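Student: Kindly generate the complete structure, drawing on both the sequences and the hints.
Under our numbering, the residue at position 666 of the sequence shown is numbered 666, and the numbers go up by one with no gaps.
25 Å max Cα-Cα, derived SDA-like pairs, lysine to any residue: (1) Lys200 with Asn33; (2) Lys230 with Ile188; (3) Lys4 with His233; (4) Lys4 with Gln259; (5) Lys48 with Lys227; (6) Lys640 with Gly489; (7) Lys237 with Glu195; (8) Lys115 with Asn587; (9) Lys573 with Leu611; (10) Lys200 with Gly160; (11) Lys436 with Asp414; (12) Lys625 with Asp463.
Derived by calculation from the structure, the hints in this document are not laboratory data.
If you're wondering where the values come from, they're calculated on a predicted model, not measured in any experiment.
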Amino acid sequence: MSIKTLLVTPPLTQLNTPYPATAYLKGFLREKNIDAFQVDLGLELVLKIFSEEGLSALFDEAEEVISDCSDNVQRIFMLQDDYLETIAPVVRFLQNKDNTLAHSICQDNFLPRAKRFQQVNNVDWTFGTMGINDKARYLATLYLEDLGDFIIEAITEDFGFSRYAERIAMSATNFSPIEDALHQPSHILDEWLLEILEEKIQLVQPDLVALTVPFPGNLYGALKCGKYIKENHSSIKVAMGGGYPNTELRSLQDQRVFQYLDFITLDDGEGPLINLLKYLEGKISTQQLQRTYLINEEGALQFIDQKIQSVIPHAEIGTPDYSDLLLDQYLSVIDVANPMHRLWNDGRWNKLTVAHGCYWKKCTFCDISLDYIGRYDPAPASMIVDRIERIVAETGQTGFHFVDEAAPPLALRDIAIELIRRGTKITWWGNIRFEKTFTPDLCKLLELSGCVAVSGGIEVASDRLLQLMKKGVSVKQAAQVTRAFSEAGIMVHAYLMYGFPTQTTQETIDSLEVVRQMFSNHCLHSGFWHQFAMTAHAPVGLDPEVYQVEQKDFEFEGFAWNDLPHKDPTGAKHTRFSEGLKASIFNYMHGVELDLPVHRWFNFSTSSTSLAPNLIEDYLAETAKEDHELSKHSLIWLGKAPMLEIEEEEDFGQLIFINKKEDLEIECHPILAEWVANNIESFSIYNEEGFLKVEEIAEAFEEETGFSFIDFTESEAWRTLRENGLLIIRL
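Tutor: Laid out in structure tokens, this is it:
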């Protein structure tokens, strides 16, 4: 017997690219020669909504309530013929199927416009005269957001572009509100969702439907699907896993959720899923399941985790398999306000994990006690690049988002070298820690391999608080590393935090001053402030007394448990800073108001910054070690071998490098020129025999030329080589 599995992402995640969980699981099952089918119900529901047929039905549905709606929604309703005429071409444009439509979209008389377009007058300076495609994509995004406002007000408040009925799952310690929502009459979006699900069930005829729930905004859709399956296909088993149960349902006590599900699994899905399949085939008993909740034969809720079974190493999970998904139908939208959010939402990115877990796993605000962070398990660089090449071959897409909690710098180094050596051309970005391993030379190497952006936590931007949260990064270090990435041509996004326990008003003001100076000194391109949240599985939540924060009393009622209400007796009144911090970052990202004193962003009286106005500038001015002092590092040459010309009469040598952009000519002493010409290929990144260390090169250089290696590293010829592809990297 072979169990047929349907892997489902319920609505809604991103519009531009699939959430990777089902692709990861399908790739793993492929390694085991087990067939599965996957579907992104969120995408297919969105395509149904934003079609002429779908919008027409929504306008009909809204007719009875439109008189009670806002002027904005009534305007959209009155323009319904214009929306019906434009929806199909706009969707095709956002799917990159009709890019010439950009010219029409940018005209004032093409798109119907409602409230979201009130900000359009300020957008021309952002795109200029050449960015017509980007401007059109932004306008088309506003057009969809107007329709989203219409749906929320006139049809159901459950709708959202990256969530579906999220409100009922947020901090849901009690299952009753969720159950009440599930038993309400289905609205039209629910009906469409279930129609799409039924189509997939008829196509696949599954024995098991496995639902991934990464976020609270996926829970309602998942349980709605489970309810439908239980009522209409009782022989099909239903399992749920993903980020939401991994963090929220670890203390589950309420059995009612199992009216809609048969199994809930925790942590990585590969082990629990393969065991579920074995169990459904009758090969193992329930007691051999792995990290799985179920209702046992006695009718009691039970969590089973067969400890004998080891976790599946990252090297054995296989290559994500994106087949079955409608990859050419995702929508590339643009949020112009934030460059990193734009990167996130525009274009389709293959998701890949460099290493399981976090190599640092010390941050006190992070869920480091959980497996997805606490168990660090890398895979060899050659294997990661093998996976990259396979995904490119199968999808035709060369964009990659490395979705690690924090991608290890040495792993990224090795992946970059492997990509360059193989000539594998991709574009990639990911999340990192701004640690000192990311030297300017390593940043240049990553850029050459295809890196276009990194994001990382500067968090509170206060050395005292960074030490308290065990971030392992100082403000100085963050400034120097972000500047290194920026100078390498890589966009830098900062995750910023306010309201960490004991953070004072002065520290909040000073942290904004640090951020202002980092934008002013071209360290950062993008950023986002969020308020600290205390979670049950982070060190602060596990031991709040140590961090001088008090957990407020609340009643856990058997369902979700993660966010912990708390108060900070010794800290500032954190919530009042929210609007000012968000307004400042919006302006900084656009290069505006960088000279405004930071205390003026707040609509209440507060002190000025206590930091020197040139703090970050001074940090950036500190000199690094001289090249010859990096004796344990290795030389890597990124270019081609030069042609050598010796002018004996003039007593100089000329090295001529033929490059993509322009030729490079270096004149120096003939002995130096000859030594470079004879030895540079041994430093080449394509030399797989291994890289020589600086101390080895220095010794050989002095022996062969009679010149001082220190003098050579201080010469114009050396500086020119360093500026054009000669890197010094720790290997």
